[in-house]
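There are 2 protein chains.
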Amino acid sequence: MKLDVRQIYEDIDKYMDQEIVIQGWIRNHRKQKEFGFIDFFDGTHFNTVQIVYDNSLEDFSTISKYRVGSAITVEGKMVKSPKEQQLFEVVARKVKLEGDSPEDYPIQPKRHTREFLREVAYLRPRTNLFQAVFRIRSLAAFAIHQYFNDRGYLYVHTPLITANDGEGAGEMFQVTTLDLEKIKDGKVDYSKDFFGKKVGLTVTGQLEGETMAMAFKKIYTFGPTFRAEKSNTKTHASEFWMIEPEIAFCDLNELMDIEEDMLKYIIKYVLTNAKYEYEMLDKYVEPGLVKKLTAFVDSEAARITHEEAINLLLSSGKNFEFTPMHGQDIAKEHEKFLTEHFNSPVFVKDWPKDIKAFYMKLNPDNKTVAAVDLLVPGSGELMGGSQREEDHDKLVARMKEMNVPEEDLWWYLNLRKFGGCYHSGFGMGFERLLMYITGIDNIRDVTLYARTPGNCEF
Amino acid sequence: MKLDVRQIYEDIDKYMDQEIVIQGWIRNHRKQKEFGFIDFFDGTHFNTVQIVYDNSLEDFSTISKYRVGSAITVEGKMVKSPKEQQLFEVVARKVKLEGDSPEDYPIQPKRHTREFLREVAYLRPRTNLFQAVFRIRSLAAFAIHQYFNDRGYLYVHTPLITANDGEGAGEMFQVTTLDLEKIKDGKVDYSKDFFGKKVGLTVTGQLEGETMAMAFKKIYTFGPTFRAEKSNTKTHASEFWMIEPEIAFCDLNELMDIEEDMLKYIIKYVLTNAKYEYEMLDKYVEPGLVKKLTAFVDSEAARITHEEAINLLLSSGKNFEFTPMHGQDIAKEHEKFLTEHFNSPVFVKDWPKDIKAFYMKLNPDNKTVAAVDLLVPGSGELMGGSQREEDHDKLVARMKEMNVPEEDLWWYLNLRKFGGCYHSGFGMGFERLLMYITGIDNIRDVTLYARTPGNCEF
Chain S
141 MKLDVRQIYE
151 DIDKYMDQEI
161 VIQGWIRNHR
171 KQKEFGFIDF
181 FDGTHFNTVQ
191 IVYDNSLEDF
201 STISKYRVGS
211 AITVEGKMVK
221 SPKEQQLFEV
231 VARKVKLEGD
241 SPEDYPIQPK
251 RHTREFLREV
261 AYLRPRTNLF
271 QAVFRIRSLA
281 AFAIHQYFND
291 RGYLYVHTPL
301 ITANDGEGAG
311 EMFQVTTLDL
321 EKIKDGKVDY
331 SKDFFGKKVG
341 LTVTGQLEGE
351 TMAMAFKKIY
361 TFGPTFRAEK
371 SNTKTHASEF
381 WMIEPEIAFC
391 DLNELMDIEE
401 DMLKYIIKYV
411 LTNAKYEYEM
421 LDKYVEPGLV
431 KKLTAFVDSE
441 AARITHEEAI
451 NLLLSSGKNF
461 EFTPMHGQDI
471 AKEHEKFLTE
481 HFNSPVFVKD
491 WPKDIKAFYM
501 KLNPDNKTVA
511 AVDLLVPGSG
521 ELMGGSQREE
531 DHDKLVARMK
541 EMNVPEEDLW
551 WYLNLRKFGG
561 CYHSGFGMGF
571 ERLLMYITGI
581 DNIRDVTLYA
591 RTPGNCEF
Chain Y
141 MKLDVRQIYE
151 DIDKYMDQEI
161 VIQGWIRNHR
171 KQKEFGFIDF
181 FDGTHFNTVQ
191 IVYDNSLEDF
201 STISKYRVGS
211 AITVEGKMVK
221 SPKEQQLFEV
231 VARKVKLEGD
241 SPEDYPIQPK
251 RHTREFLREV
261 AYLRPRTNLF
271 QAVFRIRSLA
281 AFAIHQYFND
291 RGYLYVHTPL
301 ITANDGEGAG
311 EMFQVTTLDL
321 EKIKDGKVDY
331 SKDFFGKKVG
341 LTVTGQLEGE
351 TMAMAFKKIY
361 TFGPTFRAEK
371 SNTKTHASEF
381 WMIEPEIAFC
391 DLNELMDIEE
401 DMLKYIIKYV
411 LTNAKYEYEM
421 LDKYVEPGLV
431 KKLTAFVDSE
441 AARITHEEAI
451 NLLLSSGKNF
461 EFTPMHGQDI
471 AKEHEKFLTE
481 HFNSPVFVKD
491 WPKDIKAFYM
501 KLNPDNKTVA
511 AVDLLVPGSG
521 ELMGGSQREE
531 DHDKLVARMK
541 EMNVPEEDLW
551 WYLNLRKFGG
561 CYHSGFGMGF
571 ERLLMYITGI
581 DNIRDVTLYA
591 RTPGNCEF
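Sequence order for the protein chains is S and Y. Residues 141 to 598, numbered by the numbering used here, are exactly what the first sequence covers, in order. Residues 141 to 598, numbered by the numbering used here, are exactly what the second sequence covers, in order.
Accuracy of the hints is not assured; some may be wrong.
Stated by the list, open to error - So the derived label-pair ranges between C-beta atoms look like this: (1) S:Asn-595 to Y:Glu-546: 48 to 54 angstroms; (2) Y:Pro-242 to S:Ala-309: 31 to 37 angstroms; (3) Y:Lys-332 to S:Gly-336: 46 to 52 angstroms; (4) Y:Lys-220 to S:Asp-531: 35 to 41 angstroms; (5) S:Glu-311 to Y:Lys-322: 16 to 22 angstroms; (6) S:Leu-553 to Y:Asn-195: 57 to 63 angstroms.
Since the hints were made in silico from the structure, they are not lab data. If you're wondering where the values come from, they're calculated on a predicted model, not measured in any experiment. Every residue, glycine too, gets a C-beta built ideally from N, C-alpha and C.
Please model the complete structure; the sequences and the hints are all you need to start from.
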């Protein structure tokens, strides 16, 4: 009976004393004169399986030479293990080599630095650390889909190639089929380009998402977005996945409720479904990680206004590198102070309008917008949301002020004419979430093959 | 109590005779002297809700002027409907206008052509047809995630910006941050480009997916892919979503089992969860749709070799525009004949090597590869899969034959050195699937904002 290791761990009793076939890889191999012990994994479960074989096997000496990293098929019997801490082992009747691995296989059973592992990024998923990270990534993605699907949200695929700059920040990659080597004197004829005009990679699916919220009430996107920003930091990548829910008939307070509820749901889901992975992360990556996450699930995120945040920072008595100022953005060090002060995620709302995007709803004070950022310990801003400006004329005025071209967004403006309503939405960077829930401090280590300035390998 | 229409339809008894608040849009509005009837939808359920109001309301005459398309908040009581076919209606105590809609609102309650609706693509999600299509799109996506998650597959996000051409077909969009208008005499300095080299948008996540299958055994991708192909047909888009599972220790027969099982799972899921949507599609879009899908779930897909397929075509006595030939590709008309002949989806396997990609496993006959296409009635090729060439030297030889640059794919080749194993995978175009399961015959009508040659609107 061919089994995944996951199936075995889910029902050990069922398979005990049964003949089974498992297929996977050698993580470690110890040989003695009469016995051999293979630490076996197949990637479907965090735990390895101990394979025991002895010299009664005809090809004992051949098997004993199988190297770390090799792919094997094992036929054998599941038995109770003599070792107390081990629930079972497999006594092999046959160990077939499916694919060899050379002496210089880079992933040996020892500690590797994360820097080294980035260089062999195509092999690092076979290590304990990345088995945990990518399993949690997959589980968290599923939790997100389940959360929204169960609540009647529509999952929407917004386009990635776009002719409009949704954030108005001008940090877009250009997409083209023009032959650059045929461009003479900078004369570019976009009528000859694939789409007949200049296009780029989207920085957000929000605006298109809003068109769907005006038809399905509750929608979310979950897809890649891009920033051609030359930031070489631990938290920036040029290509990353975003979740962007958009909800009609929803104000800023209801939005914060949804953000918090969703985040707690995801955390509970991964803590429950990645128990062994979390044991390891808690031990080797961020001591206290499980406690931090559990505490958040059991508590409430703080909610303060931007003004209150600045007052808190000013009265803290701390010497910040950047002095906190009313009307100004909040620096990393300030975010850190706030999350430590509350010892939990913190919603900061009602931001100065001049440092926020054009589509955010102007508050009655005419100075702030109904925007909210969620700051989390360790990875800073995790979600950014706002109530959207639903008043057509106010929105046009903001676009003029901020030099956002109206002609590209005629349809977005029209949403305010054809049955518009108050509505809100937020964006959550998926990799930022993963950093928070795994304790990994570099976005390159929660991404399969990260794209950053100067780096597009694999 | 604020409710989604979906919540009401899921438990009508629970809310009967209760005071409720619902928020959504006017699909239709009939006014009489003493009564008004609003056909109300909020996008969370396919069915509308009848709102009744009478002239005992203070603002009766104002309400009676609310136009089709307007957003409203309704407070009222759920009551049994006097009409037999209607399970309930809402007697309004208050109808508040949230957002007006002008006289010339394009989505009036009448039949619109799909061509017209494409022009107002940002509003068409509010029509019956697109409520059904996009709900099924969302449900099908969820079914896919659930299918794979339940079976222990890892969900993988492969990069979209890439320096390699995974299919070797050369139909990639280029991605750049170079200022095209500063290019002089075609001199392009890629060391100055964002990633320091020439990059483009991926045509497949398969190669990167294989690196993950060699660590997690069973993985799948579900993300956007791109083709800069100037095909202006009903089935081609330049940007579309693909599902690409990749399974270690899996041969071609097991792969077909997985493909068929997954497809049946998705179909059962949408038929169960989109009952009302399917009633409408079956009536107005593809008569017999539900029967077609149910029949497939209850039957088995045919499985034939490419050679058998050609023989079948040749002996059919049909006059094809393109004569079927051994060793050659199969045309649309041939696909159509085959699916009609078997009256079910058809797997065609063991294709001539010269018309297939470099990474497919060479069969012992040295002429064919272990590839399989699934053809489905109405949308032709739905999935393409293969066992992958796991032999390093044979793979290199194929790459040389087909001019696929080895230096870009050193890591892919290395997978055959470091614990490689027999493995298989397939790709399914998500929009093709949607065309098959909705009966919609144009890819532009299952995509929110389609990208096709010369077309990048919204």
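Against the structure, the hints come out as follows:
{"no.": "1", "hint": "S:Asn-595 to Y:Glu-546: 48 to 54 angstroms", "result": "21 angstroms, violated"}
{"no.": "2", "hint": "Y:Pro-242 to S:Ala-309: 31 to 37 angstroms", "result": "33 angstroms, holds"}
{"no.": "3", "hint": "Y:Lys-332 to S:Gly-336: 46 to 52 angstroms", "result": "27 angstroms, violated"}
{"no.": "4", "hint": "Y:Lys-220 to S:Asp-531: 35 to 41 angstroms", "result": "40 angstroms, holds"}
{"no.": "5", "hint": "S:Glu-311 to Y:Lys-322: 16 to 22 angstroms", "result": "18 angstroms, holds"}
{"no.": "6", "hint": "S:Leu-553 to Y:Asn-195: 57 to 63 angstroms", "result": "37 angstroms, violated"}
Of the numbered hints stated above, those contradicted by the structure are hints 1, 3 and 6, listed in ascending order.
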